[in-house]
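A.B. asks: So you can see what is in the structure, the chains are spelled out below.
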Amino acid sequence: MHNFDELQKRCKKYKLKKTFTYLFLSGIGLASLVALFLFIQAPLAQKRTIKHISTIEKIDTQKNKILNTQKQEKKQITKKEKKTTHNTLKTYSLQFLVIKKENILRAKKRKKILEYIGFKNCKLTQHGKYIYLTCNEVNDIKNLSKYIKLAKKEKLNYFIDTQYFNKEKEIKKRNSKKQNTQKTIIKKILKTQKATTPMLKVQTVDLQQLQKEFFQTPNYNIALLIAHNYFNKKAYKKAIFWAKKANKLNKSDADSWILYAKSLHALQRNKQAMQLLHIYLQYENSDEATHLLQQWERTQ
Amino acid sequence: MNYLELAKCFEEKISSKHYHQNSEVLHIKNKIESILSNDTKQLLFLTGQPGVGKSAFLNYLENNFSYDIIKFDIPFLEPIDFVKILIKKTGTEVDNYSLEELIKQVITLYKSSNYVVVLDEAQLLSKDMIELIRILADSKAFWFILAMHEHESKKILQEPQFASRPHKVLQLQDISLKECKEYIYAELTNKNATMLADIITSKYIKYIFKLTHGNMRVLKKLLYTSFLLIDYAQKKDKKQYKAFNKCMITMAAIDGGLIDA
Chain R
110 MHNFDELQKR
120 CKKYKLKKTF
130 TYLFLSGIGL
140 ASLVALFLFI
150 QAPLAQKRTI
160 KHISTIEKID
170 TQKNKILNTQ
180 KQEKKQITKK
190 EKKTTHNTLK
200 TYSLQFLVIK
210 KENILRAKKR
220 KKILEYIGFK
230 NCKLTQHGKY
240 IYLTCNEVND
250 IKNLSKYIKL
260 AKKEKLNYFI
270 DTQYFNKEKE
280 IKKRNSKKQN
290 TQKTIIKKIL
300 KTQKATTPML
310 KVQTVDLQQL
320 QKEFFQTPNY
330 NIALLIAHNY
340 FNKKAYKKAI
350 FWAKKANKLN
360 KSDADSWILY
370 AKSLHALQRN
380 KQAMQLLHIY
390 LQYENSDEAT
400 HLLQQWERTQ
Chain Y
38 MNYLELAKCF
48 EEKISSKHYH
58 QNSEVLHIKN
68 KIESILSNDT
78 KQLLFLTGQP
88 GVGKSAFLNY
98 LENNFSYDII
108 KFDIPFLEPI
118 DFVKILIKKT
128 GTEVDNYSLE
138 ELIKQVITLY
148 KSSNYVVVLD
158 EAQLLSKDMI
168 ELIRILADSK
178 AFWFILAMHE
188 HESKKILQEP
198 QFASRPHKVL
208 QLQDISLKEC
218 KEYIYAELTN
228 KNATMLADII
238 TSKYIKYIFK
248 LTHGNMRVLK
258 KLLYTSFLLI
268 DYAQKKDKKQ
278 YKAFNKCMIT
288 MAAIDGGLID
298 A
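Protein chains in written order, with the numbering used here: chain R, 110 to 409; chain Y, 38 to 298.
Treat each hint with caution, since some may be false.
Said to hold, decoys possible - Pair ranges (Cβ atoms, derived):
(1) Y:S239 to R:A140: 33 to 43 Å
(2) Y:I72 to R:A140: 41 to 51 Å
(3) Y:N229 to R:A144: 53 to 63 Å
(4) R:A140 to Y:P87: 53 to 63 Å
What the hints assert, rightly or not - Simulated pairs of lysine to aspartate or glutamate, DMTMM-like, Cα-Cα distance not exceeding 25 Å:
(5) R:K354 to R:D396
(6) R:K124 to Y:D274
(7) R:K121 to Y:D268
(8) R:K199 to R:D249
I should point out that these hints are in silico values taken from the structure, not numbers from a laboratory. These numbers come from a predicted model, not from an experiment. Idealized CB from N, CA, C, for every residue including glycine.
The task is simple: from the sequences and hints, build the whole structure.
C.D. replies: Printed below as a string of structure tokens:
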């Protein structure tokens, strides 16, 4: 008769061996799948971070620009304020949202919600690209305290918007409004800066590494990022070089053209800079480019 | 359930009563019948892997065939003895002649008849015997069916005495998964074990087929050992081994050398 116990042992051993090989093979399969996934995802993630960095970079430059203009306008306003203190009135309101005009529906929804909560006189005002949602416009800031409490209670992000209103000169009102909107933009940018950690990445961008990456895989965003960095460092010739590189890869995007023009302008080659923007605006529409061109044309 | 009884139904048996007819067997049988009725007398080679069921098929043919068959199971024959047996089958007395005279006698005796001489394990035939078969086949007195292993048949068929003569090769194949299922089901239902037949055929048939590759002898041996092991486990009161399961098949396969463990 068969040696039953011996067969029993061999059967168990065989089963163990089989399960082990199955596990081993499935482990290898899984590992290879993960490796494959990472291999596919790595360049995509890199692209995404570069894009993200470039957008943050944009915000950063925008912020610097606004800060500079704000400083200048502050000086102007303080001068004017000194002159026109008797004629000006201040209005205060709670500003809840600054949003691009494309997202007006979102702003309208928010307005309805705020009115439902209990805020009064909510209105949407548009300045340039952005739409501002403000509520409870009052002349005395003390009257706002009730609504500030409500906003705090509802955990809403708000900003006390001050507007200068001159009975005699409406131009002044516009100027003050501009200042306030700029303030909100700055506040927004500062908020996003605090919230988004990748901002740190911008400061630690290794230009050499980026350049290496670009030469390995030419990419518009990388070239533009390098150009921005050189521009910020006031190395305008290098900025031109990299803006050109970016422009070769994507001719339709305004950023490379604007940076190229700005760099030329910084090098006192104003005519060339304006000519460049004129050429671009013949084929594409860009608010930033037209604004910049108008600004330069005014100063000339 | 008596597993010892079940084991016995999968024992290697020669009798044609237990022969399971599958589509392959019926196909070969019909092919032989059509050759015998339409062609001139010649050599037929029945080839197949060891254990495919050649001998069982020949036994089945001996009892279920419309032609008269003279079957030789033992291939270790001397040419003179072979001729003498053929003469004796006709009821004629053998005179003490030389081999040459006996061949002449046997040819005259069978010339007008339609006998089929069947030789099993023909790969073991001596050169003298092969020569004698060639002479008898040339005389057109007999039909010859030579059953041999597929591997050896290639060598024998390449020899000039066969290659140059009219002959037919019939290859018996291993059974398919469906046939394997049908065979097990038929055998177990014959023993009134339909419940077990249902369990085996639905759950374990693929595993059994994977191990045996459709070879009838291996299949029978595997099931025979499995049932013997279950019978042993029942007698020794070994839990988990009292019923038919995958583990019992694995154990039987290890015992039969189908699995290297």
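A.B. asks: For each hint, tell me whether it holds in the structure or not.
C.D. replies: Checked hints:
A C-beta distance of roughly 36 Å is found between S239 (chain Y) and A140 (chain R), which places it inside the suggested range of 33 to 43 Å. Roughly 60 Å separates the CB atoms of I72 (chain Y) and A140 (chain R), a value that falls outside the hinted 41 to 51 Å. Checked against the hint of 53 to 63 Å, the C-beta distance between N229 (chain Y) and A144 (chain R) comes to roughly 57 Å, which is consistent with it. The given range of 53 to 63 Å is broken by A140 (chain R) and P87 (chain Y), whose C-beta atoms sit roughly 44 Å from each other.
Among the hinted pairs, K354 (chain R) with D396 (chain R) is consistent with the structure: their alpha-carbon atoms are about 23 Å apart, no more than 25 Å. Among the hinted pairs, K124 (chain R) with D274 (chain Y) is consistent with the structure: their alpha-carbon atoms are about 23 Å apart, no more than 25 Å. With a CA separation close to 20 Å, the supplied pair K121 (chain R) and D268 (chain Y) stays within the 25 Å bound. Note on K199 (chain R) and D249 (chain R): the hinted pairing holds, with a Cα-Cα distance of about 8 Å set against a maximum of 25 Å.
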